[in-house]
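Spelled out, the chains give:
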Amino acid sequence: MQRRTFLGLLGAAGMGAAVNKTAPAAGVKHFEGYPDSYGVLFDATRCIGCRSCEAGCNQINGLPQPDKPFDDLSVLEKKRRTNAKVFTVVNRYDRIPGVAGAVFRKDQCQHCLEPACASACFVAAFTKTPQGAVIWDESVCVGCRYCMIACPFEIPTYEYNEPLTPRVMKCHMCHPHITSGRATVPGCVGACPTEALVYGKRRDLLAVARQRFAAFPDRYVNHIYGEREMGGTNWLYISGVPFKEIGLREDLGVTPAPELTSGALAAVPIISAAWPVLLTGIYAINKRREKIATEEKKQAVAEALAKAKAQAKEELDKALAKAEAEKKSAVEREVKKALEEAAKAQAEAEAGKGQTEEGE
Amino acid sequence: MSTLKTENLKQYLTPFNIVVGIILLLGGFVTILRFTKGLGAVTNLTDNYPWGLWISFDLLCGVALAAGGYTTSAACYVFGLKRFHSAVRPAILTAFLGYALVVFALHYDVGRPWRLPYPFFVQSGPTSVLFEVGLCVFLYLITLFIEWVPSALEWLGIRKPRDIIVKATLALTIFGVVLSTMHQSSLGALFLIAPSKMHPLWYSSYIPLFFFVSSIAAGLSMVIFESTLSHHFMHDKMDETYLKEHDGVTYGFAKGAAMVLVLYFFIKVVGITLDNNWSYLLTGYGAWFLVELLGFVALPAFLYAIAVREKNLTLIRWTAALTVLGIVLNRFNVSLVAFNWHLPPEMRYFPRWHEFVISIFVVTVGLLVFRFIASRMPIFYEHPEFKEHEPRDLEEHELKPHPQTWGH
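As you go down the protein sequences, you meet chains A and B in turn. For the record, in the first sequence the residue sitting at position 327 is 327 according to our numbering, with numbers rising by one throughout. Position in the second sequence (from 1) plus 1000 gives the number in our numbering.
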């Protein structure tokens, strides 16, 4: 808990994926599952669709009684899925090409080696136990239902009618009952009358399946569903008909779910490291460009100003010189004019004198 | 006395108030139902469809459409496009309210809403994309709050803390862009874990990139779209700078959105090519995919480009609405149409009316809070007493020569 909190805080600093070496998202090594983990082998050639497993599951987990009793096989008319009150269902598959009767398959949590639900949970409410079961912790679940989006087998369910304390409900392979000693095998396995279900170490179950292939090569499709699907599951299936005919998807691939998001998650520390530097750089470039533009502007203004000043001075000088010249010529003109006037006045005065003398 | 009362009452009974009143009443009713009877009573969610309208619209669309906050502030403060300065505050306010409402709406959707801080304070699941989304949204909401606070402080006339925050503008902006890059893309990355449930045309390992790039187009278009609405309804609150810069903001954002949409179109085509999904284009889903890609990505890119060239503001506004609609369509296509495409039609999901009520209720609350804040605080105008504290460059802006005309 302490460590998780610490890692969460590291994640907050955008370093989570870089430091947390054990995180499946950032891991590079191949995880083959806990070595001594347990699982269940389901053999579709042995299942008779009696629904005893459903009853056994219901009983040991104290789930609500269904509307129709478990011995009512009419429910098999419709394809069902797990829900908040039912951890496991048996479905009947008719009209399979080349097969006369019906084939049944039990559905429940596959207990992936690297579970999608656990990888998707943002409070790490899911745990893959070393014993093999994938269990869920009610005490931290927020109820976001991303586990239900993530699960490729469409297993986790939700108590939609609980207003404030809805739980995510799914098969836990009777992990609490087996660890407490209440049961030695899961409820469904104990209830199966035909040994269509075998509980044991996953390693041994793979061997059992191969033995059956070897003993009855004509009876089986030579493939153990769950050995590699989605990186492998602790629940394994063998069948006499192609798996897609009994509602098991054959297009899931062998990539464990956490790897599907590890690339995107790896981008987080890179973005948080690179973006601030890059953006600050862009800011600095723009700032500098702006500064240079301002400087260039200032310089241009100064140049223009100097040019204008010089021009103005030149014009002023010219004007002054012109004014000087004009002044000079004006003075000369005035002097000349004054002299002329003086000369005229003198001449007039002399002529007037002569006339007076003649009149006497 | 009694006549005065009736007159007062009449004054409040505007069509707007009546509609809002009905929405709030219905919202309250559904809220009570949700928290007394559970999600089952108000949604059509099933074990196959754990996420419905509230995640598709309130979370995925809400976050994408609130991208205007980081795109506008990044354009203005990081990329130095200061002509957009007057658009920053409305965009930040919208983003802050948008994110706050996303978190508010999540309280309806998750089972135990009081545990929403658990991933950060009780037990973390760092392998989850949702953890990253949650952490980024949480931090970004705080960032947006801090970015918005100066408007409130100016309104209250508190100078000191406001000045400190304004000084940190660049740091806050960069932090916001980092967080937005991560969670906008991570919202798409949420679906990476479910390739077996997604239609191949919408599933791509590039989906985080698609979500991030389209969020930029959404953000730019939302700013145009909102400013159109604000112009209509809050014109009296806008100052001269806002109004003067407004057309420039619209042209600039339209140009940006056109380019981003072209980029988005190209990477979507690359996505189809890399996964060799061409053959799916001939199916019904393919036709729908083409409607989205051609009608809501290529067409708006083209219309934006034309409108910018012809300086046609009306066309830009309609194109912004088209783009926003296209992003909404994309988020719905990814989370509802492409998701669970393998299920038979009778098992597919369609929202219940209660779900629509809550989504409309949340948007209405957002509009009311926006109006309350924008009609009181300096959002569309600069507070006269704080004007001199704005970055000086802004006031010099008028004197500055246009960068393109300089140096030739």
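Careful, some of the hints might be misleading.
[To be verified] Here are the simulated DSS-like pairs of lysine-lysine, each with C-alpha atoms no more than 30 Å apart in a straight line:
#1 A/78 to B/1244
#2 A/85 to B/1197
#3 B/1255 to A/297
#4 A/78 to A/244
#5 B/1197 to A/244
#6 B/1255 to A/85
#7 B/1037 to A/79
#8 B/1167 to A/291
#9 A/298 to B/1197
#10 A/287 to B/1197
#11 B/1244 to A/297
#12 A/79 to B/1167
#13 A/291 to B/1197
#14 A/327 to A/337
#15 B/1082 to A/291
#16 A/291 to B/1255
#17 A/287 to B/1167
#18 B/1255 to A/287
#19 A/298 to B/1244
#20 A/287 to B/1010
#21 A/336 to A/318
#22 B/1037 to A/68
#23 B/1160 to A/297
#24 B/1082 to A/78
#25 A/287 to B/1082
#26 B/1167 to A/297
[Said to hold, decoys possible] Covered by chain B, according to a simulated footprint, are these stretches of chain A (three or more residues, beta-carbon under 8 Å):
#27 148-157
#28 267-273
Keep in mind that the hints were calculated from the coordinates and are not lab data. Virtual Cβ for every residue (Gly too), placed ideally from N, Cα, C.
Enumerate the violated hints, using their earlier numbering and listing them in ascending order. 1, 6, 9, 10, 12, 13, 20, 23 and 24
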